[in-house]
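Residue numbers (this note's numbering), protein chains in the order written: chain V, 1 to 269; chain F, 1 to 269; chain P, 1 to 327; chain G, 1 to 327.
If you're looking for bench data, these hints aren't it; they were derived computationally from the structure. Predicted model only: the values in this text are computed from it and were never measured. Positions of the beta carbon are idealized from the N, C-alpha and C atoms, including for glycine. Be a bit skeptical, because a hint or two may be false.
Over the 12 Å line for every Cβ pair with chain P, so calculated as not near, a few chain F residues [said to hold, decoys possible]:
#1 Gly40
#2 Pro106
#3 Pro208
Result set (EDC-like, lysine to aspartate or glutamate): computed pairs, CA atoms no more than 20 Å apart in a straight line [stated by the list, open to error]:
#4 P:Lys285 <-> P:Asp266
#5 V:Lys246 <-> G:Asp86
#6 F:Lys246 <-> F:Glu236
#7 G:Lys247 <-> F:Glu236
#8 F:Lys173 <-> P:Glu149
#9 P:Lys112 <-> F:Asp103
#10 F:Lys173 <-> G:Glu308
#11 F:Lys246 <-> P:Glu149
#12 V:Lys227 <-> P:Glu172
#13 V:Lys246 <-> V:Asp231
#14 V:Lys173 <-> P:Glu149
#15 G:Lys10 <-> G:Glu20
#16 F:Lys246 <-> P:Asp86
#17 F:Lys173 <-> G:Glu191
#18 P:Lys21 <-> P:Glu45
#19 V:Lys173 <-> P:Glu191
#20 G:Lys27 <-> G:Glu17
#21 F:Lys173 <-> P:Asp152
#22 P:Lys28 <-> P:Glu38
#23 P:Lys247 <-> V:Asp231
#24 V:Lys209 <-> V:Asp231
#25 F:Lys173 <-> G:Asp152
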Amino acid sequence: MLGKKKATGLDGSFVQCLGCKKTLFRREFEENLFVCQMCGHHHRLSWRQRAEITFDEGSFSEADAGLRSVDTLEFPEYREKLESAIAKTGINDSVVSGRATLDGVPVSTAIADFSFMGGSMGSVAGEKITRTLERAATDRIPAIVFCASGGARMQEGLLSLMQMAKTTAAVAKCREAGAPYIAVFTDPTMAGVLASYASVADVILAEPKSLVGFAGARVAAQAQVMKVPDDFQKAEFALRSGMIDKVVERRAMRSTLSSLVRVLIGGSR
Amino acid sequence: MLGKKKATGLDGSFVQCLGCKKTLFRREFEENLFVCQMCGHHHRLSWRQRAEITFDEGSFSEADAGLRSVDTLEFPEYREKLESAIAKTGINDSVVSGRATLDGVPVSTAIADFSFMGGSMGSVAGEKITRTLERAATDRIPAIVFCASGGARMQEGLLSLMQMAKTTAAVAKCREAGAPYIAVFTDPTMAGVLASYASVADVILAEPKSLVGFAGARVAAQAQVMKVPDDFQKAEFALRSGMIDKVVERRAMRSTLSSLVRVLIGGSR
Amino acid sequence: MAKSWKEWEKPLLEIDEALEKAREIAKKCSPTEQVAAEERIAYFEQRRDNIIRVMYSRLGPWEKVLVARAETRPYALDYITTLFTDFVELGGDRRFGDDHAIVGGTAMFQGKPVIVVGQQKGRNIQDRQYRNFAMAKPEGYRKAIRLFEMADRFRLPIVSFVDTPAADPGVESESRGISEAIAASILKMFELNVPSVAVIIGEGGSGGAIGIAAANKVLMLEHSVYSVIPPEGCAAILWRQPAEGAKAAAALQLTAQSALDRGLIDEVLPEPFGGAHRDWETVTKTVGNAIEASLHTLDSLSPADLREQRYAKFRAMGRVAEAAPSA
Amino acid sequence: MAKSWKEWEKPLLEIDEALEKAREIAKKCSPTEQVAAEERIAYFEQRRDNIIRVMYSRLGPWEKVLVARAETRPYALDYITTLFTDFVELGGDRRFGDDHAIVGGTAMFQGKPVIVVGQQKGRNIQDRQYRNFAMAKPEGYRKAIRLFEMADRFRLPIVSFVDTPAADPGVESESRGISEAIAASILKMFELNVPSVAVIIGEGGSGGAIGIAAANKVLMLEHSVYSVIPPEGCAAILWRQPAEGAKAAAALQLTAQSALDRGLIDEVLPEPFGGAHRDWETVTKTVGNAIEASLHTLDSLSPADLREQRYAKFRAMGRVAEAAPSA
Ligand SMILES: [Zn+2]
Ligand SMILES: [Zn+2]
Numbered sequence: 001m002l003g004k005k006k007a008t009g010l011d012g013s014f015v016q017c018l019g020c021k022k023t024l025f026r027r028e029f030e031e032n033l034f035v036c037q038m039c040g041h042h043h044r045l046s047w048r049q050r051a052e053i054t055f056d057e058g059s060f061s062e063a064d065a066g067l068r069s070v071d072t073l074e075f076p077e078y079r080e081k082l083e084s085a086i087a088k089t090g091i092n093d094s095v096v097s098g099r100a101t102l103d104g105v106p107v108s109t110a111i112a113d114f115s116f117m118g119g120s121m122g123s124v125a126g127e128k129i130t131r132t133l134e135r136a137a138t139d140r141i142p143a144i145v146f147c148a149s150g151g152a153r154m155q156e157g158l159l160s161l162m163q164m165a166k167t168t169a170a171v172a173k174c175r176e177a178g179a180p181y182i183a184v185f186t187d188p189t190m191a192g193v194l195a196s197y198a199s200v201a202d203v204i205l206a207e208p209k210s211l212v213g214f215a216g217a218r219v220a221a222q223a224q225v226m227k228v229p230d231d232f233q234k235a236e237f238a239l240r241s242g243m244i245d246k247v248v249e250r251r252a253m254r255s256t257l258s259s260l261v262r263v264l265i266g267g268s269r
Numbered sequence: 001m002l003g004k005k006k007a008t009g010l011d012g013s014f015v016q017c018l019g020c021k022k023t024l025f026r027r028e029f030e031e032n033l034f035v036c037q038m039c040g041h042h043h044r045l046s047w048r049q050r051a052e053i054t055f056d057e058g059s060f061s062e063a064d065a066g067l068r069s070v071d072t073l074e075f076p077e078y079r080e081k082l083e084s085a086i087a088k089t090g091i092n093d094s095v096v097s098g099r100a101t102l103d104g105v106p107v108s109t110a111i112a113d114f115s116f117m118g119g120s121m122g123s124v125a126g127e128k129i130t131r132t133l134e135r136a137a138t139d140r141i142p143a144i145v146f147c148a149s150g151g152a153r154m155q156e157g158l159l160s161l162m163q164m165a166k167t168t169a170a171v172a173k174c175r176e177a178g179a180p181y182i183a184v185f186t187d188p189t190m191a192g193v194l195a196s197y198a199s200v201a202d203v204i205l206a207e208p209k210s211l212v213g214f215a216g217a218r219v220a221a222q223a224q225v226m227k228v229p230d231d232f233q234k235a236e237f238a239l240r241s242g243m244i245d246k247v248v249e250r251r252a253m254r255s256t257l258s259s260l261v262r263v264l265i266g267g268s269r
Numbered sequence: 001m002a003k004s005w006k007e008w009e010k011p012l013l014e015i016d017e018a019l020e021k022a023r024e025i026a027k028k029c030s031p032t033e034q035v036a037a038e039e040r041i042a043y044f045e046q047r048r049d050n051i052i053r054v055m056y057s058r059l060g061p062w063e064k065v066l067v068a069r070a071e072t073r074p075y076a077l078d079y080i081t082t083l084f085t086d087f088v089e090l091g092g093d094r095r096f097g098d099d100h101a102i103v104g105g106t107a108m109f110q111g112k113p114v115i116v117v118g119q120q121k122g123r124n125i126q127d128r129q130y131r132n133f134a135m136a137k138p139e140g141y142r143k144a145i146r147l148f149e150m151a152d153r154f155r156l157p158i159v160s161f162v163d164t165p166a167a168d169p170g171v172e173s174e175s176r177g178i179s180e181a182i183a184a185s186i187l188k189m190f191e192l193n194v195p196s197v198a199v200i201i202g203e204g205g206s207g208g209a210i211g212i213a214a215a216n217k218v219l220m221l222e223h224s225v226y227s228v229i230p231p232e233g234c235a236a237i238l239w240r241q242p243a244e245g246a247k248a249a250a251a252l253q254l255t256a257q258s259a260l261d262r263g264l265i266d267e268v269l270p271e272p273f274g275g276a277h278r279d280w281e282t283v284t285k286t287v288g289n290a291i292e293a294s295l296h297t298l299d300s301l302s303p304a305d306l307r308e309q310r311y312a313k314f315r316a317m318g319r320v321a322e323a324a325p326s327a
Numbered sequence: 001m002a003k004s005w006k007e008w009e010k011p012l013l014e015i016d017e018a019l020e021k022a023r024e025i026a027k028k029c030s031p032t033e034q035v036a037a038e039e040r041i042a043y044f045e046q047r048r049d050n051i052i053r054v055m056y057s058r059l060g061p062w063e064k065v066l067v068a069r070a071e072t073r074p075y076a077l078d079y080i081t082t083l084f085t086d087f088v089e090l091g092g093d094r095r096f097g098d099d100h101a102i103v104g105g106t107a108m109f110q111g112k113p114v115i116v117v118g119q120q121k122g123r124n125i126q127d128r129q130y131r132n133f134a135m136a137k138p139e140g141y142r143k144a145i146r147l148f149e150m151a152d153r154f155r156l157p158i159v160s161f162v163d164t165p166a167a168d169p170g171v172e173s174e175s176r177g178i179s180e181a182i183a184a185s186i187l188k189m190f191e192l193n194v195p196s197v198a199v200i201i202g203e204g205g206s207g208g209a210i211g212i213a214a215a216n217k218v219l220m221l222e223h224s225v226y227s228v229i230p231p232e233g234c235a236a237i238l239w240r241q242p243a244e245g246a247k248a249a250a251a252l253q254l255t256a257q258s259a260l261d262r263g264l265i266d267e268v269l270p271e272p273f274g275g276a277h278r279d280w281e282t283v284t285k286t287v288g289n290a291i292e293a294s295l296h297t298l299d300s301l302s303p304a305d306l307r308e309q310r311y312a313k314f315r316a317m318g319r320v321a322e323a324a325p326s327a
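Chain V extracted, bound-state conformation (with noise of 0.2 Å):
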């Protein structure tokens, strides 16, 4: 499943590139790492096609799959728009947590999947992000972190800006523990995530050309008036202003991490 902005299906055998349009082999565009062969846009994909293309294989298992969000506001059409979430995606909330191998490397791992009502961050979200942070911090392992969200989720009220500071928090624990923590920012990466526990990792890398930025509507709105770079709260306008430090294609991402996590676990070893 490759969320919202998925490569439309035109029948079983093409897919059609959501960046130039292009018609492409679905069975190549896989391979390719749901990257388009002609432009090299980078599609997004769901929590399980990032484990899969990520970490040994097989070496994923889930951790905290039992969490679910509770509609503690009674707030407007929340309980449905979870539950038709549950149902589209097969998953509880919008970041799947757990333990993986990474050549051979075990790591505390956490990846959102933005097709989970915008890859929000609620208590769920929140306390997965944690736990992960946790287990890192508490086995000396690192944490790898895949970021896609629009941010807080509204529904949950302060609840959800209170993930924020307890996410966070949990960096500080991986810093006191010596434990490295890794983001990496996907399309999008944005606002309460990118303020809270995103922006605060020992290393962030981030897929190109992915939205990457702290405020919406009103600065876009105010970026149309003012001069500003066409490549604005993109990945690429993240790096030229010091904020992450890498841009790394889906392809090297695998062996990226893999190098990051061998150096950077090798000295307390």
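Add chains F, P and G with the ligands to chain V, keeping to what the hints say.
Chains F, P and G with the ligands only, in chain V's frame:
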């Protein structure tokens, strides 16, 4: 003694302001701490004047007075310049260090005197700053350093450059010990001094309109072709740029330092 | 639905005006008219108190938003200059600039040295622009971080005053990393070895607020608000109607009482009759006493305990159901 | 006085050219001409070696300046990509930008994880501009600080390659605090709990160099230079004659040997015959071995010992006479 930029003595009773060129009563001028009553120009002070207007009366006692520069490179004309500076100023190098009390609080202090070879930092200035910071660290008392320097002393070659490292290392000692370190930028605070111990003080105050900058002639040339603010490389510019905490008028300096010192030592007592 | 505090308080402002006039008349009138004049004043006063009682006894979420934004409400520097002595305002992030939306410095609080930080609104047009409507830029949070580090270095407790609609959402702030700045400030607050007390005095606006609010004790004035998103923004997203702010405010439950009930803050501080803006002296005393009590409680905790207390408190925030894994 | 390395090496460049031609002729010539051709080559080779011997056996300070600036000299990334594996270049200061004059990242050095940082020059015009002539801006030093902090957090030794004429002196760098950035980077290096080795591979230009050179071990290539001020700048100040660079270089004694004699560096690394630029392979090996030996020496020191060794070393730098106080 007012250093290079000293208000011109007209006769015994009058002086001419270096800022507005107006004629001032010497007595009023001195009572106003050598700040022009007409235009507010802060005239440079000798180390002794600074000590007198800053610390409790008679509390300053000099240390390290016996330190003297060595012309280790046999650098052209260095020996002569040193001797004439010593004769002119009555001090052995561009920094005078010692101990004093401020509203009863014991402090370790160093005061640069621009009239000694432009306040340049060679081995002696570096050693005195280092000892000042070390004394603060050892006794866990505040260090107050008044800066006034054109930069490193070229005539001591690489030895001078290493004073940047040495003095900054001493700041690390203060931090480790929890001793507060306050720097006061007076006119001018430049180059090698600004790019070392001066800029990493816990709190940085500056006298109004003091020159504060890294680069000299080169940047000035560039500034002529570029659009730069009128107060470029002035204390006010440094304040806007986030590099210093506060621009403080000379008459408020003592009380500001006193408040700071009492708060910063208060937590550890 | 009133859109501003002034609009909503109109009945009160009118009677305040009438009362003012009555008092002036009373000053000038002859002794014979005096009794009638005083009766009139008493009548207006009672009426005024009744209106306040009606309006303020059961403020709805939206009215709380309006009151929290009241222009005459005391702002951070009003508390700082009254409750603290020896305040030396320190500036600059040592990186780029000095942000006037966040103020801070060293000070004495009841004879004890502290670091104080606050988001500062402006009261007139120029001042509001100078303070950027208390919407802090990256350099504001980085100044706060610098002050937090100073507090840690010299073992000074931290008091922060939270009052912002949001962090600055502009293009420049984006390019200098407003997200990173907020996140780094939150992170720093969790790494501190000294006690921290945050007081939400007006608007606790989303990430912009939490950036200086991750404290050992979080206090909240009775009529202040704390929200994941401005109600107007929420309404715009949900119903494409920014004007439906009241509806959104109700849905978001952004009141102090709601935050307390969910364990997201530690204490609600009662406001004086008619709100903080009607009695600065009383509310300042309330806030001062609450800070004192909080610092006193935290005083006995070791650095490790302080970090742990902070962690445990925020760690517990969130409501989840945990079933056996279905997969 | 030659003003550039190319000008100074002209005799050598000429004979290199002649040698090249002779070799081409030898390839094409008939077997009968072969002996004569080879003799010519041998003659040129010997002559070339003699010239190198003459020119390089006693390089004066100014010639060292020229050689240190040679465009064909190996730069930081040349050492990094050869001596290290698994290099992942990391970018950004998390504040403002990513400076290309300073590069750095995680890597393996002989199977052991390290953080590597270096000032990087450009070899062609575009690249030189991209690298800003290795004149780092505040964001460069702040990137270095971030990497140093990462090294400390994960207990990784640090290797830095120093090669800069100076820090960037521009208006923008000034306004973003180039002085603070350099000072903070020096400070951070002294606070590190991990071993650090700095190698001065070309120009060690004043504050810009010391910003990443305050290490436990400071190594210096034989023909590199380390100076408080560029000789041209010194000449401009002393004699109002920037062209008197050679005279100033002599006065400043900016050579590796002079620095070693005064205890300001730990080791001089010999360069291959004719300078580092004539034999990248050999000089890279020399540098690699020296780094390995230095790290090995430091390996046994505890974090506190490392800090103390660093402090004591730099603490001792300076020459003063201490008389009894005259006052
Ligand atoms: Zn395409
Ligand atoms: Zn004047």
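To see whether the hints hold, each was checked on the structure:
1. Gly40: holds (20 Å)
2. Pro106: At roughly 17 Å from the nearest Cβ of chain P, Pro106 (chain F) sits farther out than 12 Å, so the non-interface label holds.
3. Pro208: holds (15 Å)
4. P:Lys285 <-> P:Asp266: Status holds; Cα separation ~18 Å.
5. V:Lys246 <-> G:Asp86: holds (15 Å)
6. F:Lys246 <-> F:Glu236: holds (9 Å)
7. G:Lys247 <-> F:Glu236: violated (39 Å)
8. F:Lys173 <-> P:Glu149: Between Lys173 (chain F) and Glu149 (chain P) the Cα gap is close to 16 Å, so the pair holds against 20 Å.
9. P:Lys112 <-> F:Asp103: holds (17 Å)
10. F:Lys173 <-> G:Glu308: holds (10 Å)
11. F:Lys246 <-> P:Glu149: Holds, at about 18 Å.
12. V:Lys227 <-> P:Glu172: Satisfied, since the Cα-Cα distance of roughly 11 Å is no more than 20 Å.
13. V:Lys246 <-> V:Asp231: Distance of about 15 Å is within 20 Å: holds.
14. V:Lys173 <-> P:Glu149: Holds - the C-alpha atoms of Glu149 (chain P) and Lys173 (chain V) are around 18 Å apart, at most 20 Å.
15. G:Lys10 <-> G:Glu20: holds (15 Å)
16. F:Lys246 <-> P:Asp86: With Cα atoms ~15 Å apart, Lys246 (chain F) and Asp86 (chain P) stay inside 20 Å; holds.
17. F:Lys173 <-> G:Glu191: Holds, at roughly 9 Å.
18. P:Lys21 <-> P:Glu45: Holds, at roughly 12 Å.
19. V:Lys173 <-> P:Glu191: holds (9 Å)
20. G:Lys27 <-> G:Glu17: holds (16 Å)
21. F:Lys173 <-> P:Asp152: With a Cα-Cα distance of about 16 Å, the restraint between Lys173 (chain F) and Asp152 (chain P) holds, given a limit of 20 Å.
22. P:Lys28 <-> P:Glu38: holds (12 Å)
23. P:Lys247 <-> V:Asp231: violated (36 Å)
24. V:Lys209 <-> V:Asp231: holds (8 Å)
25. F:Lys173 <-> G:Asp152: holds (18 Å)
The structure does not agree with the numbered hints 7, 23 stated previously, though it agrees with the rest.
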